[in-house]
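Asks: With these hints in hand, go ahead and build the complete structure from the sequences.
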Amino acid sequence: MQEFFSMGGYGTYVWSSYGLTAFVMLVLLVSSIRSLKSTEATFERLKQAVTPKENQKTEAPNGDEA
Amino acid sequence: MHRFANPTRFLRIAAVVQPWAMGLTVILFGAGLYMSFFTSPPDYQQGESVRIMYVHVPAAWMGMFCYAAMAIASAVSLIWKHPLSDVAGRATAPVGAAFTFLSLVTGSLWGKPMWGTWWVWDARLTSMLILLFLYMGYMALQGAFDDRARAAKASAILALVGAVNLPIIKFSVTWWNSLHQGSSVITMEGPKMASSMLWPLLIMAFAFKAYYVWVLLVRMRQEITANKVRILRLKQVNGA
Chain A
1 MQEFFSMGGY GTYVWSSYGL TAFVMLVLLV SSIRSLKSTE ATFERLKQAV TPKENQKTEA
61 PNGDEA
Chain B
67 MHRFANPTRF LRIAAVVQPW AMGLTVILFG AGLYMSFFTS PPDYQQGESV RIMYVHVPAA
127 WMGMFCYAAM AIASAVSLIW KHPLSDVAGR ATAPVGAAFT FLSLVTGSLW GKPMWGTWWV
187 WDARLTSMLI LLFLYMGYMA LQGAFDDRAR AAKASAILAL VGAVNLPIIK FSVTWWNSLH
247 QGSSVITMEG PKMASSMLWP LLIMAFAFKA YYVWVLLVRM RQEITANKVR ILRLKQVNGA
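Here the protein sequences line up with chains A and B, keeping their order.
Quick note: the first sequence uses the numbering used here, first residue 1, plus one each step.
Quick note: the second sequence uses the numbering used here, first residue 67, plus one each step.
Honestly, the hints are just simulated from the structure, not real lab data.
Watch out, some of these pointers could steer you wrong.
[What the hints assert, rightly or not] To give an idea of the interface, some chain A residues facing chain B are shown, with a C-beta separation under 8 Å as derived from the structure:
| id | residue |
| --- | --- |
| 1 | M7 |
| 2 | G8 |
| 3 | S17 |
| 4 | V24 |
| 5 | M25 |
| 6 | L26 |
| 7 | L29 |
| 8 | S35 |
| 9 | A49 |
Think of the CB as a built atom: it goes at the ideal place given N, C-alpha and C, for glycine as much as any other residue.
Replies: Next up, the structure:
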């Protein structure tokens with residue numbers, strides 16, 4: 001076990017390479033997912049806020065379709 | 067190609083592909099890491115430090131692959147103005163930059179014990195550093211304009227001009243004297259590496275690729291939703 005972690009004396013270099021790679025890839029993945037979730041939440045909130053107003057305007061003959 | 071430029075259709079495809087990319091990432095990393103640490107032998111010259119290769123080389127390949135993807139997306143965005151191509155470029159840039167950064171740092175961590183130095187200004191290392199700067203320039207340009215169309219155009223031109231760096235990276239070890247070793251996997255004569263090391267390397271490379279697809283889809287979905295949010299905000303302002 002000790003031998004496995006020492007990596008023939010290169011342990012520091014090998015484990016920091018793998019550790020940093022795992023860290024950067026996890027941070028990027030988690031931040032991407034969280035940003036998607038929060039943008040989706042904002043979108044839902046805005047949709048709720050915008051839709052009722054549009055319903056009021058339906059009397060106008062040229063209701064703009066965006 | 068127009069069929070895939072439709073965001074609604076894209077979102078439907080993404081919903082199908084994403085779980086597969088996620089599953090493949092987990093399985094391939096499981097297998098790849100196991101092989102990297104347990105089945106692959108230490109190198110006869112480099113000893114156990116050779117295991118750094120299984121993250122260093124896939125990261126470097128993906129740094130270049132993502133740049134190529136970004137350059138192609140930029141060309142499509144400039145020529146056909148497909149709305150999704152700019153989204154794909156924007157979503158790829160941070161992932162490619164992260165891979166390039168990792169290849170530089172893990173290369174440094176490998177160089178110190180093997181070459182006796184963290185860094186040398188030789189062609190391979192310098193051209194890879196330039197790749198990182200190109201990614202940063204692209205991201206800076208994307209963020210520098212209020213007008214999305216202008217940001218897309220300026221950054222696409224930068225991505226295309228910078229693409230000249232890709233062959234320079236690939237052939238840097240052939241054209242110039244370099245401390246970095248030559249190509250040993252993608253060569254005209256086929257791989258020059260023992261299969262006990264080639265397999266873990268290839269599986270790790272596919273794990274990185276599956277990870278890229280997963281993160282790319284998440285980020286593209288985020289960009290598309292953000293576009294919808296912007297449209298709703300405009301409606302809100304105009305309606306008030």
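Asks: Hint by hint, say whether it matches the structure.
Replies: Hint by hint, here is what the structure shows:
| no. | hint | verdict |
| --- | --- | --- |
| 1 | M7 | holds, 4 Å |
| 2 | G8 | holds, 4 Å |
| 3 | S17 | holds, 4 Å |
| 4 | V24 | holds, 5 Å |
| 5 | M25 | holds, 6 Å |
| 6 | L26 | violated, 10 Å |
| 7 | L29 | holds, 6 Å |
| 8 | S35 | holds, 5 Å |
| 9 | A49 | holds, 7 Å |
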